[in-house]
Amino acid sequence: MNALVALCHFCELHGPRTLFCTEAVHPPAPSPPQPGSALLGDREAEREGEGLTMRANSSATQRADMCEGCRSLPVSHPGFVSVDTETGIRFLSHQHPRQAQLFSVVRQACVRSLSCEVCPGREGPIFFGDEQHGFVFSHTFFIKDSLARGFQRWYSIVMVAMDRIYLINSWPFLLRHLKLTIQSLQSTALKVFDSEQGVCPQRAVRMNSAFSPAVFPHQRSGNAARSLPSLTQHPNLWASLHASFSWLLKACGSRLTEKLLEGAPTEDTLVLIERQTEQEEEMNAEGAGGKSESAQCRDFLFGDDGKGEEYCGPNFRSLRHLRQVLGAAEFRQLAWHVLMGNQVIWRGTDRGLIQSAFNVLKTLLPVGCVRVEAYSSQYEEAYRYNFLGLSPDVQIPAHVSSSEFTVLVDVLNVEQGCVHVVCDDDVLSLYQFSISSANTQPVDKGPTLLNKLEVALTNENLSVEVVSHCLLCLKEEWMNKVKVLFKFTKVDGRGRDDTQKVLVLLGATGPGEEDNVRLLKFWMTGLSKTYKSHLMTAVRGVERTLSQ
Amino acid sequence: MLSGNTPRPVFTGVSAPLSLSFSLSLSLSLSLSLAYLLIAKCKTSGLSAVRGKVVYVLPIPWCSNMKIKSQRKSGSVWLLNMQSRLHDSWASAEFDLAQIRLIVHQDCERRGRQVLFDSKAIRKLDPSEPNAEETKVPPARSGACQINSKASQKESPPTYQYTRPASDVNMLGEMMFGSVAMSYKGSTLKIHHIRSPPQLMVSKVFSTRHGSSNTGSTNTLQDSFESISQTCPSHTSSIGFWSLSSTTVALGYPICPTPQLLVRSASFFAAHSNPVDMPGRGHSEDGDSGIARSASLSSFLATPMPSPGSSSSSGCASSYQRRLLRSQATSLQHGPIPRWSTEEMFSLSDESCSSNPAMARRKKIAVSIIISLPEKEEESHSFQEFFFSHFPLFESHMNKLKTAIERAMIVCRRVAEASQRVQVYLCRVMEALGEFRMTVWNLYMAPRITEPVWLTMVSQSAERNQLCQRFLKEMSVLMEHGAKTQFLSALLTAVLMYHLAWVPTVMPSNHLPIKPVCQKPASHTVDLLAKSHPYNPLWAQLGDLYGALGSPVRVCRTVVVGRRRELVQRVLYILSYFIRCSDLQENAQPPGHTDIPANPCPALYSAPLSERTNETPLIPESEAAKPPVCTGNTNDKTLSANVDGANDAPVSERTSKKAPKSDSAGPSPLPEPTSERLACADPGWEPFGDATDPVGGGLEHILANQSPPVQRVKFTIGSPRESDHDGQRCGRGLHRKLPHRRLADMRRNESSDSSLGDSDEEETASPSQQAYTPATETAREYELPLPSCQTESRASVNHFGRSLLGGYCPQYMPDFALHGISSDQRLKQCLMTDLEHTVLHPALDEPVAEAVCIVADTDRLCVQVATSQRRVCEPGRLGRDVMVSSLVHTLLTSVLQLHTLNIAADFCVMHLEDRLQEIYFKSCSLAEYLRGQRRVHVKELGLALGIESSDLPLLAAVASTHSPYVAQILL
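The listed protein sequences derive, respectively, from chains Y and A.
Sequential numbering from 1 applies to the first sequence in the working numbering.
Sequential numbering from 1001 applies to the second sequence in the working numbering.
Looking at chain Y on its own, in the form it has when it is part of the complex:
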């Protein structure tokens, strides 16, 4: 808990004194890296400096009026520390807090708890405080002392925090546990008291001794100096108190825990995690290799632009860029093929350019639908790769080139041998692109997703980032439709009529309906295994109760 606990004592000679103080020192802000962490470090440094001034100021004044009763750890004692290994929180105990700020806060809490605030019966809990000095839960109590005035001494345990509400919320908990601590001290001291009284009954001593005003203060000064360890005959009391207080701070902070849900991961995330897991398993089996693939996964998770930077030849930077280079109609045609799940083949010499084209184009699809072979020296079948890069000399089989499910982009060099020009130069001046496909379907009606995307791409007021956000929205929207269709057709196995109803409901009908449906069906193949298997098991009614 963001708090500290201190044991205070009302010394008969010196008034209210802080005896022992346990603070919780929290580690710097954990991951995810916070913008403030640097600042935090600064403040730590600052804090250290302040601590010095405090010590310089306070030690001189404190030193004169201290007695055994006012002190806990001896001067040379460095204090105690306990570390909560799970969280990195350190619990530190000293006689006083180390910082000047806290020193005065604790001092204030001590004085208020023992000489300002009034507790009926003088033993019990009080809460008090304000924004400036912090808030305090205090519990006052007596400890038996055969030599003290009235045969008892007065103590308090204070818990100081800035979070008023938290402290008040914790009242019942604190009261319960501080009572235990206090009762334990009291009953231990009582035994000591009883045995001391048995040896030498003080009451009799005092009644018999003549009272002399001159001698009195000197007599008493010796007696006033008894420490709590001596009153409890507990030589390691401070270490024990350190343990108790540390535990109290920890337990109070973890008394209530939140169960906070976050959204389910997107399908893209699930697929990537699945792929990564597979690769790790393969790697474990084989022992090496496959690193690049998992790196690729990471790129996908954290944005796609990693590759472009490595390669500094001419490349495609974004969908908008691609569209500018190819021309609106050609882009539309290409994107349509991509979205329909047709095989997209790029053939040319510039490997980096083709790679960058794929990087841009694959953002149109859910991760699960992307199977890239960036550059190959032979044709690969469509079921293996829907993005296929080929070197210029590779012949494409006739059944493929005549198929309506394939689109071929040939990258032709305009000028020879000019590849090493300044990077990022106009791709158009270097290459020509010829797009061919046996497809006879119109590509200008649908799918709806593409229509909307083109609007965003056309609008030059939208930055590339905004466009990619829009694309993300569109993809998620359609992915959700895919899920419904999957559930409906694959899991529940509904008939044609019902399916049509669902399509209407999903807003997939109307102009471009045919394309929408093709898109949905293609995207269905990209659903994560996790998701699919969940739906399958759920429908069988298994695990419904085990899912917790």
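Just so you know, the hints here were simulated from the structure itself, not pulled from any lab data.
Any given hint might turn out to be false.
Pairwise CB distance ranges (calculated) [to be verified]:
| # | chain 1 | residue 1 | chain 2 | residue 2 | range |
| --- | --- | --- | --- | --- | --- |
| 1 | A | Lys1473 | Y | Arg351 | 53 to 61 Å |
| 2 | A | Asn1902 | Y | Pro511 | 28 to 36 Å |
| 3 | A | Met1832 | Y | Lys521 | 52 to 60 Å |
Sample of chain A residues with no beta-carbon within 12 Å of chain Y, all distances over it, derived [to be verified]:
| # | residue |
| --- | --- |
| 4 | Glu1435 |
| 5 | Ser1551 |
| 6 | Leu1827 |
In silico SDA-like links for lysine to any residue, alpha-carbon gap of 20 Å or less [unchecked claim]:
| # | chain 1 | residue 1 | chain 2 | residue 2 |
| --- | --- | --- | --- | --- |
| 7 | A | Lys1484 | A | Thr1890 |
| 8 | Y | Lys259 | A | Asn1587 |
| 9 | A | Lys1376 | Y | Arg176 |
| 10 | Y | Lys259 | A | Arg1464 |
| 11 | Y | Lys452 | A | Lys1376 |
| 12 | A | Lys1531 | Y | Pro27 |
| 13 | Y | Lys259 | A | Gln1460 |
| 14 | Y | Lys259 | A | Ala1483 |
| 15 | Y | Lys490 | A | Asn1902 |
| 16 | Y | Lys452 | A | Glu1918 |
| 17 | Y | Lys179 | A | Ser1196 |
| 18 | A | Lys1939 | Y | Asn459 |
| 19 | Y | Lys452 | A | Leu1941 |
| 20 | Y | Lys259 | A | Thr1791 |
| 21 | Y | Lys179 | A | His1381 |
| 22 | Y | Lys452 | A | Lys1939 |
| 23 | Y | Lys259 | A | Ala1588 |
| 24 | Y | Lys452 | A | Lys1531 |
| 25 | A | Lys1376 | Y | Pro172 |
In this text the structure is predicted, and so the values were computed from the model without any measurement.
We treat Cβ as the ideally placed atom computed from N, Cα and C, and that holds for glycine.
Please arrange chain A on chain Y, whose structure you already have, making use of the hints.
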């Protein structure tokens, strides 16, 4: 029936009266206890379970069907018509209005302490019912407690009689103000627990603020009290009559001739109690550091959080951020940083002109609420649990009460005639107290939604499918019912826009779910944060429920109005899915576990005294055995390990030095009879038992301050920076590596009383050390294992998720995040003031920019939003109509159509979540688009982003939870 006339001892412990002192309100208590009897009966019938653990499956289990019908006749017969499958109110214990007492106390330098108000000393004089008491305000027609604020005013204003204050006010006054004057000028909060009779007292102590006129003080009021006591006014006064018996003591009159003297003598520590000027840490005194700190913190707070679209953002970014900032803002690590203006004062004048600080210092006013606790231990316990967990709400109402008292004092001063003045004052304060009592009663007793859909899904997934089915069914019915006006769509638009806690629950996580996909993962990062940087989960939950996630912070509640109970309950049930918050669990020791670490001397209980002196039992044996004792013969070895080889400073320096002069701080001669034993009572740390351990042995010797320290060991490790960094950053790893009883560098204790070492330092410090002077301050503490104890986690009972989702209540209540009412009469009366109050005194304990209330009228099927930023709206209306977001409407339609197509209910709910996630993604687009813009072209948004103007308010609100700048551009 007046017990107030006889002074009763309160704290003396002598003969605490058996009955609660407040038998004043006889008839009410009777009627209420009748009600409780019936409730109690029902409770034991087994239909309703233990509070909080309500997990019964009933056909329509969502709301209480408790119906308290009252026929208000002269005999006030109460009928409790409880339908069979009902749930009781939140409370497990009875609660009587008269259990709440108000005392206003004044502490004036010149006049001493005076009681300005004590509800216990006031009786209401009602001409029609001579014996009636002020608390005899029958709970309203429909069962909630309703004070006759409006109704009775129509008749004739009540008249009050002030009798002798109870005998305990002196003591209570001392508790409120403390025995020593404090120089602090801001307001102070105190809570006392009084054992006999069991009571809780909450006090707020304010400094007073005066206007320019010197008459602006309580003096006038006191004077009028005093004059009344001398001149008995006529009974036929136009406002009421003021009766004085011979024993009546005028209000405000010093109760004893010299109260403060009495106080002093009663005080045990009178000798030490010079007026304490607290070590002030105000900005004036401590200047730079304080301001610099808060400035740096605020800049830290203002740092924009990572954009949601950015890769690093995890699902709960905004939740996480909010909690982290809370942890930072309430941290002690940087010293106290006041988060609020501490200038809250008690106004004695309505002129807001220059206050006179000299005057303000002189007078303090305490407003105290004293709540009598039930006698039964169990009931008392459960009320206290409720009280302390719901304290922010109590406090907020107390602030309201304080404002009313201020007004009463100011207003009554305008009344010329003394007796009337007092009547005006008493009337106003009593009315405010009545409000307070009623609010508290309602908060405690009102029916709750027993199975809020969202929380139930979070906490138990076993019946998820059933739950989803029921939820969708109810939603379909409601959708149909309100089809014409798009009632449900409008309502959900408003709820999703203001109760924003749903947003983090749909932000996609980056982790692979451990559970099936349908179940959202619990946020791991937030969990980790809570452990390492504790914040108050109750606070987080309250913010969630009120939707305080956006920027600027807005808090919202929703009230469903309607005469048709079932319909209202259906709406409440559905909304309990969309108004979300985290679920809380309580970790506690299993009952009967006594051996807990809170007990510092467990081993000593059994051990006989004589044998104990030489043993070192401080750590439980199991733990003591655990740490591998460092038996290494060189300190150096251990020490160099400490710093990971990064040390360039001298390592182990052992310097002999001369003993310090024996001054007052030195070991003092021991008292004779126990000297033998005490000699062993070394207050220092003794290493674990092993005396042959060279290191430990040496330490023991050195540390025993009973013998004059001849030698001192000084170890220096690393550079100052490093030592600090070790602690801060890699402390954890470090400590794990090292043996538990790692020998640390034993530098001078830095605690302030360690000045003894001042001279040592010069002698022992090597030049290199001196260069690092700051470093030498950082001592290495002895590491002890952190005790742990077994805890079991159970569903927390007293949390806001369970308590602030109200059921169908007879009457409007201000605290609930959601509740239903039958009539909006009281709502219309109070709403605006409530909203304004919420902004001024937010229960959330953080500044609030706007308070909003969504009012859904199921009779007229319309939804309005009322706001504290009173934008012009038509007279007679609560707020403005809600524009239906087409996103929300299509979302609802398609989910429900899926449902009608017989798709599995839990799939439909998953789809609903997916669609909510779409809204979140859209808000990200919007935020990205607005980044760096100054104006929004709504048309362009529509075309480019597919955002319709009807969706814009919703999307902007959602975006403001993750991208704070959005609001600035749009609003």
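Status of each hint after checking the structure:
no., hint, verdict
1, A/Lys1473 <-> Y/Arg351: 53 to 61 Å, "holds, 59 Å"
2, A/Asn1902 <-> Y/Pro511: 28 to 36 Å, "holds, 29 Å"
3, A/Met1832 <-> Y/Lys521: 52 to 60 Å, "holds, 56 Å"
4, Glu1435, "holds, 23 Å"
5, Ser1551, "holds, 16 Å"
6, Leu1827, "holds, 27 Å"
7, A/Lys1484 <-> A/Thr1890, "holds, 15 Å"
8, Y/Lys259 <-> A/Asn1587, "holds, 13 Å"
9, A/Lys1376 <-> Y/Arg176, "holds, 18 Å"
10, Y/Lys259 <-> A/Arg1464, "holds, 17 Å"
11, Y/Lys452 <-> A/Lys1376, "violated, 68 Å"
12, A/Lys1531 <-> Y/Pro27, "holds, 11 Å"
13, Y/Lys259 <-> A/Gln1460, "holds, 12 Å"
14, Y/Lys259 <-> A/Ala1483, "violated, 36 Å"
15, Y/Lys490 <-> A/Asn1902, "holds, 15 Å"
16, Y/Lys452 <-> A/Glu1918, "holds, 16 Å"
17, Y/Lys179 <-> A/Ser1196, "holds, 18 Å"
18, A/Lys1939 <-> Y/Asn459, "holds, 13 Å"
19, Y/Lys452 <-> A/Leu1941, "holds, 13 Å"
20, Y/Lys259 <-> A/Thr1791, "holds, 17 Å"
21, Y/Lys179 <-> A/His1381, "holds, 15 Å"
22, Y/Lys452 <-> A/Lys1939, "holds, 15 Å"
23, Y/Lys259 <-> A/Ala1588, "holds, 16 Å"
24, Y/Lys452 <-> A/Lys1531, "violated, 45 Å"
25, A/Lys1376 <-> Y/Pro172, "holds, 16 Å"
Of the numbered hints listed earlier, those contradicted by the structure are 11, 14, 24.
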